[in-house]
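Asker: Sequence:
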Amino acid sequence: MNRELWSRKYFNHDNPSNYPCPFCNTGVLTLKERILSITPYGKDMEYYNYNNGIDHLFSGILICKNAECNEIVIISGSCLRDIVIGDEQPDGGYLERRISTYYPKFFFPNLKLFPINKTIPKEVKEQINFAFSHYFNDLSSSANRIRNAIELILDDLKAPKSRKTKAGKKQTFKTLHSRIEHFSKKNVKISKLLLALKIIGNEGSHVGNVQNEDILNAFEILEMLLEFTYQKQHQRILKMATEIIDKAK
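Each residue of the sequence shown is one higher than the one before, counting from 1 in UniProt numbering.
Be aware that a few hints might be false.
Stated by the list, open to error - Using 27 Å as the maximum straight-line C-alpha spacing, the simulated BS3-like pairs for lysine-lysine come out as follows:
(1) K112 / K65
(2) K118 / K239
(3) K125 / K174
(4) K170 / K158
(5) K189 / K118
(6) K105 / K65
(7) K158 / K174
(8) K164 / K186
(9) K32 / K9
(10) K125 / K158
(11) K43 / K9
(12) K161 / K174
(13) K186 / K158
(14) K161 / K185
(15) K185 / K170
(16) K112 / K122
(17) K158 / K118
(18) K185 / K239
(19) K189 / K164
(20) K186 / K169
(21) K192 / K164
(22) K118 / K186
(23) K158 / K122
(24) K239 / K189
(25) K112 / K192
(26) K158 / K185
(27) K169 / K158
(28) K189 / K122
(29) K164 / K174
(30) K192 / K170
Stated by the list, open to error - Between beta-carbon pairs, the in silico distance windows are:
(31) S59 / Q171: 50 to 60 Å
(32) K166 / K105: 46 to 56 Å
(33) T30 / H182: 46 to 56 Å
Treat the hints as calculated values from the structure; they're not laboratory data.
In this text, a Cβ means the ideal position worked out from N, Cα and C, and glycines have one as well.
Using the sequences and the hints given, assemble the complete structure.
Answerer: Here it is as structure tokens:
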């Protein structure tokens, strides 16, 4: 996951050319068509000749630059137009420069903060995509979707939902935390990632508790969890490295 890219949730140019295409995952999106509308507040400001810091709404169409893809994505959000005072000129005046800062809120289809492998179960992919779709507009909802995803991953891993007591009775786990702790007896590494995601996911239930850095942390952990659980890429590479070393002996 490109954390630096996703940490910046705004852009200052008319063309947000760094977003990866959610269809091919190789091309980047470029602006095909933009529509900019002034909000009622902005119209009032214009009426009173106030040109600085006017709020706008924007929407547009992005297209993938990959010639073999060319799929489109709809983007919408808010835009703040302002005037920046530059350096003093020889005549004593100051150079003014108008800038526009765009804050995207919605993409359709949603952007993917990291590629989702085809081997991942459909239900898990669905929750991850919901988490991605809320990243720009509702961090709490994004966190809740991540929590949903880890419950489904536990189901897919056949993690028990109950345990036997010393008396031999079946006792259902009352919390996700307890279920993860019990699963740690089978896989410590995966359980550690699940527990961290559960903590962030729970924060989504409390308004204002989830910060942008929390969600980025969660997505990075989730990406590694999916790698360990489904893709097994790390095992393949380690095996390949071992074979290379053995052949060289």
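Asker: Are the hints correct? Go through all of them and say.
Answerer: Taking the hints in turn, this is what the structure says about them:
no.: 1; hint: K112 / K65; verdict: holds, 16 Å
no.: 2; hint: K118 / K239; verdict: holds, 22 Å
no.: 3; hint: K125 / K174; verdict: holds, 26 Å
no.: 4; hint: K170 / K158; verdict: holds, 17 Å
no.: 5; hint: K189 / K118; verdict: holds, 23 Å
no.: 6; hint: K105 / K65; verdict: holds, 22 Å
no.: 7; hint: K158 / K174; verdict: holds, 17 Å
no.: 8; hint: K164 / K186; verdict: holds, 16 Å
no.: 9; hint: K32 / K9; verdict: holds, 20 Å
no.: 10; hint: K125 / K158; verdict: holds, 18 Å
no.: 11; hint: K43 / K9; verdict: holds, 26 Å
no.: 12; hint: K161 / K174; verdict: holds, 9 Å
no.: 13; hint: K186 / K158; verdict: holds, 11 Å
no.: 14; hint: K161 / K185; verdict: holds, 14 Å
no.: 15; hint: K185 / K170; verdict: holds, 18 Å
no.: 16; hint: K112 / K122; verdict: holds, 15 Å
no.: 17; hint: K158 / K118; verdict: holds, 20 Å
no.: 18; hint: K185 / K239; verdict: holds, 25 Å
no.: 19; hint: K189 / K164; verdict: holds, 24 Å
no.: 20; hint: K186 / K169; verdict: holds, 21 Å
no.: 21; hint: K192 / K164; verdict: holds, 23 Å
no.: 22; hint: K118 / K186; verdict: holds, 25 Å
no.: 23; hint: K158 / K122; verdict: holds, 16 Å
no.: 24; hint: K239 / K189; verdict: holds, 19 Å
no.: 25; hint: K112 / K192; verdict: holds, 24 Å
no.: 26; hint: K158 / K185; verdict: holds, 13 Å
no.: 27; hint: K169 / K158; verdict: holds, 20 Å
no.: 28; hint: K189 / K122; verdict: holds, 24 Å
no.: 29; hint: K164 / K174; verdict: holds, 14 Å
no.: 30; hint: K192 / K170; verdict: holds, 25 Å
no.: 31; hint: S59 / Q171: 50 to 60 Å; verdict: holds, 53 Å
no.: 32; hint: K166 / K105: 46 to 56 Å; verdict: holds, 53 Å
no.: 33; hint: T30 / H182: 46 to 56 Å; verdict: holds, 49 Å
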